[in-house]
Structures are given as C-alpha cells and as structure tokens.
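Chains as they are written, first to last, in the numbering used here: chain A, 1 to 118; chain B, 119 to 231.
In short, the hints are calculated from the structure, not lab data. No residue lacks a Cβ here, since even glycine has one placed at the ideal position from N, Cα and C. The reader is advised that the hints may include incorrect statements.
With the Cβ distance kept under 10 Å, some of the chain A side facing chain B (calculated, not the full set) [said to hold, decoys possible]:
| hint | residue |
| --- | --- |
| 1 | V4 |
| 2 | G40 |
| 3 | F60 |
| 4 | Q107 |
| 5 | A111 |
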Amino acid sequence: KAGVTQTPRYLIKTRGQQVTLSCSPISGHRSVSWYQQTPGQGLQFLFEYFSETQRNKGNFPGRFSGRQFSNSRSEMNVSTLELGDSALYLCASSPLGTQGGLAKNIQYFGAGTRLSVL
Amino acid sequence: GDSVTQMEGPVTLSEEAFLTINCTYTATGYPSLFWYVQYPGEGLQLLLKATKADDKGSNKGFEATYRKETTSFHLEKGSVQVSDSAVYFCALANAGNNRKLIWGLGTSLAVNP
Chain A
1 KAGVTQTPRY
11 LIKTRGQQVT
21 LSCSPISGHR
31 SVSWYQQTPG
41 QGLQFLFEYF
51 SETQRNKGNF
61 PGRFSGRQFS
71 NSRSEMNVST
81 LELGDSALYL
91 CASSPLGTQG
101 GLAKNIQYFG
111 AGTRLSVL
Chain B
119 GDSVTQMEGP
129 VTLSEEAFLT
139 INCTYTATGY
149 PSLFWYVQYP
159 GEGLQLLLKA
169 TKADDKGSNK
179 GFEATYRKET
189 TSFHLEKGSV
199 QVSDSAVYFC
209 ALANAGNNRK
219 LIWGLGTSLA
229 VNP
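Sequences and hints are given; from them, build the entire structure.
In structure tokens:
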C-alpha cells in the first residue's frame, strides 16, 4: 500500500506570493491533517479535513487555508507569503473520523514539503 | 491548555549505550500518548503508543510507560544503534480528538559507532 505522498518536496517562493501544497493520503484514509514544523516552534497543527469538511483548525492566520476533494486528496494554500512561513509542511492521514478507536485514528505522515520564502 | 515537554537535545551516545529521553505532559482528562521518530529527510513515523495509565508501549527495542502519577512517558532503549540516530517526538492526543496531536519540540539523538 502506498504511503502518504506530498508534492512538491521542495519549493522556493518570494514574499507576497502564494503557494499550494498537495497531499495524497493512504488509500482508504478519509482524514487528512496538516502541520507546520519549524526549528523554533516545533510541530504545530494547522487543520484537519474529513470527508471534504474542515473538522479542526489550529491557531494560524486566515492566509493559511485548505481543502479536501472527494477522493480524500487535500491541498493547502498559503497566500501573501511571509519570511516566517518558511517551514516543513507535513501532511498526515488516518482511516477514520470521529468513529473508531485509537488504533484506527493513528496518523501516518508524508515526507513533507519544505517551503523556503525569500 | 494541553502541552508536552521533552528534554532538550541533542543527545549523543555511543553504540550500545542506554537511552532515556524524558517526556512529561500537562493535560485534562486521560490523553493517549505517543512517541514518533523522524529520520533525516523523512516524515514522522509512529514508534509506540499508550492509551491508559500503566500501559507500556514497545517497538524496535524502544519502550515507554504511561505514568499518570508523574504525568510522564519517558522513552528508553537498552542498547542503541547507529541506525537509531533521528529526532524523537513525544505527543499527546486528548480523548475528545485523537487526531489533533499536541507535540513536544523533539529531541535529536546521534549515535556514534
């Protein structure tokens, strides 16, 4: 079974631009979560989508948005990029939404997209 | 709010040494606890987990015991290998939302031959 796939792996943008990151979850997984990883702040939760609906949201500005498609693939968009947005963006998928026990809600991570804002 | 505190790294050990990475947490209720590992250039992989007090999670020679009385979930391995060099993250998920993980800052481990 293929793992979580994130594209692209690397991106270089300049301040003010916008960027779209893509995540393909493990086949059959319906929940996709996004995280930002930086050396100073560690891993911070951005948002989670399940069945095309945003179920949870972290404390990030409105410049960060996402969506999920009917095939569970997800995209994350950052508009008006700032230098501080430089980070590794990780996507994680899990099988179920609010139903099911812990074992079925374990998250499986992709390798991430490293975004550099110049 | 909920939080996770890990010992700061980097930790440098010789092969076959004993490893302990401390993790303590603050949470309401009864969270589930996790250790994830991130190898260079890769995403995070679940290493082990525990869902209730006194549970012991184990995998690949690593162990951690959920200690509610000390709110801790320390990671241990009796004999580390060079291939264990990675960044280790402790995380919790509260009962109401198992997917919204709260993370520690990570501890970098380097094992020298």
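> Any hints this thing doesn't respect? Which numbers, in order?
Replying inline: 3
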